[in-house]
Amino acid sequence: MQSICEDKMCAGCMACVDACPKDAIAVLERLEYYTPSIDQSKCIDCGRCTAVCQQCNPPQGSKPSKWLQGWDSNSESRGTSSSGGLAAAIIRGFISAEGVVCSCCFRDGQFGFEFSSSIADAVKYKGSKYVKSNPIGSYARIKKLLVEGKEVLFVGLPCQVASLKNFVGNKLLSNLYTVDLICHGTPSPAILRQFLSENGIDMNQLESIEFRSKGSFQLRENERTIDLPGVLDGYTVAFLAGLDYTENCYHCRYASIERVSDVTLGDSWGTNLTEEMRRGVSLVLIQNQKGQRLIDLAGAELMTVDIETAIKNNGQLRSPSEKPSARARFFEDLSCGRSITDAVRRSLPKRYFKQSLKRLLIRIGLLKRGGGYGIKVSLAPDSNPLHYIKGSIQ
1 MQSICEDKMC AGCMACVDAC PKDAIAVLER LEYYTPSIDQ SKCIDCGRCT
51 AVCQQCNPPQ GSKPSKWLQG WDSNSESRGT SSSGGLAAAI IRGFISAEGV
101 VCSCCFRDGQ FGFEFSSSIA DAVKYKGSKY VKSNPIGSYA RIKKLLVEGK
151 EVLFVGLPCQ VASLKNFVGN KLLSNLYTVD LICHGTPSPA ILRQFLSENG
201 IDMNQLESIE FRSKGSFQLR ENERTIDLPG VLDGYTVAFL AGLDYTENCY
251 HCRYASIERV SDVTLGDSWG TNLTEEMRRG VSLVLIQNQK GQRLIDLAGA
301 ELMTVDIETA IKNNGQLRSP SEKPSARARF FEDLSCGRSI TDAVRRSLPK
351 RYFKQSLKRL LIRIGLLKRG GGYGIKVSLA PDSNPLHYIK GSIQ
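If you're matching positions, the sequence shown starts at 1 in the UniProt record's numbering and goes up one per residue.
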């Protein structure tokens, strides 16, 4: 096998790595794109890698049968979740029904996937992840659980769900439940690691990272809290502008009303529930009977949503994110050794100036710091938080 998918179109889903019986595949992580690499001395041309690859074999999607909006009925859980906390509610409900959950969380310096059958563990899956996650090992373990007759819920990005369905095969799909997220695109973890390093933070020393919070943005160590003055940072500016996604994201076939999962979750932007929006409202798309079961188990507060409004305010239900014209300059600056923040400033001068002005107004007390977008990190118990403060994350 000479190659797996089209050059630069690899989504980094890692299913090919799990599928290879000879451990001949590695996925190379670059700033701009991912590339699968095959060790030809080990390859036996079995074709399993291309069979599971969602770029080579995209599963057929289906249009939602129900469009809803709502939130987790557990107000405490909702308050610490992204959007309305529907993912957390679904996970709790599925575990209560004796199912096994596989979802993304931060551990040991990277965003990977973990399995749980304990409701107490559900909290670790909360929050948006503005970076690619690594599901290596998850596909094979999920298939093993399905073979054993277990019901498994996988929560991930559409490309990961698509590859998982290819991996397990049609015969095992009946006990596999899937939730995907309306995804704008994701950058390589190498960009996040570089950004944190530039701000004096070793990603391997962190206990947790939150990219979007309804509260303030802080470094935390046990009971100690240190505020970060710069809540509108360069990394988040780049993400929200779609500047740093990997190349495949701008060509994503899953940015469509045709969904590959049982349930799709997103933000219910533009809802008329003005007061509830402050606490978070989720958009919920149900594709089939399994999706309906997941929502029933969640026990969430739900109501109808205007479909046209939902589509209008979630562009990735129509098409992929558009590649910014400034993206080439951004990565060129990074290749020349400039910092993430400096590259963002040079690529998006007007936007960066606006965010810098907000930072200044917050620092001098003329603008209130509230929830929204930004990075919040928690240090590992054995680390020294003062070692990581260089003034602020910018």
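Just so you know, not all the hints are guaranteed correct.
Said to hold, decoys possible - Using 27 Å as the maximum straight-line C-alpha spacing, the simulated DSSO-like pairs for lysine-lysine come out as follows:
| no. | residue 1 | residue 2 |
| --- | --- | --- |
| 1 | 312 | 126 |
| 2 | 63 | 42 |
| 3 | 143 | 42 |
Just so you know, these hints were derived from the structure itself, not from any lab.
These numbers were taken from a predicted model, which means no experiment stands behind them.
Hints, verified against the model:
1. Under the criterion of a C-alpha separation no larger than 27 Å, the hint pairing residue 312 with residue 126 is consistent with the structure, at around 26 Å.
2. Simply put, residue 63 and residue 42 have alpha-carbon atoms about 41 Å apart, too far for the 27 Å limit, and the pair is violated.
3. Simply put, residue 143 and residue 42 have alpha-carbon atoms about 24 Å apart, close enough for the 27 Å limit, and the pair holds.
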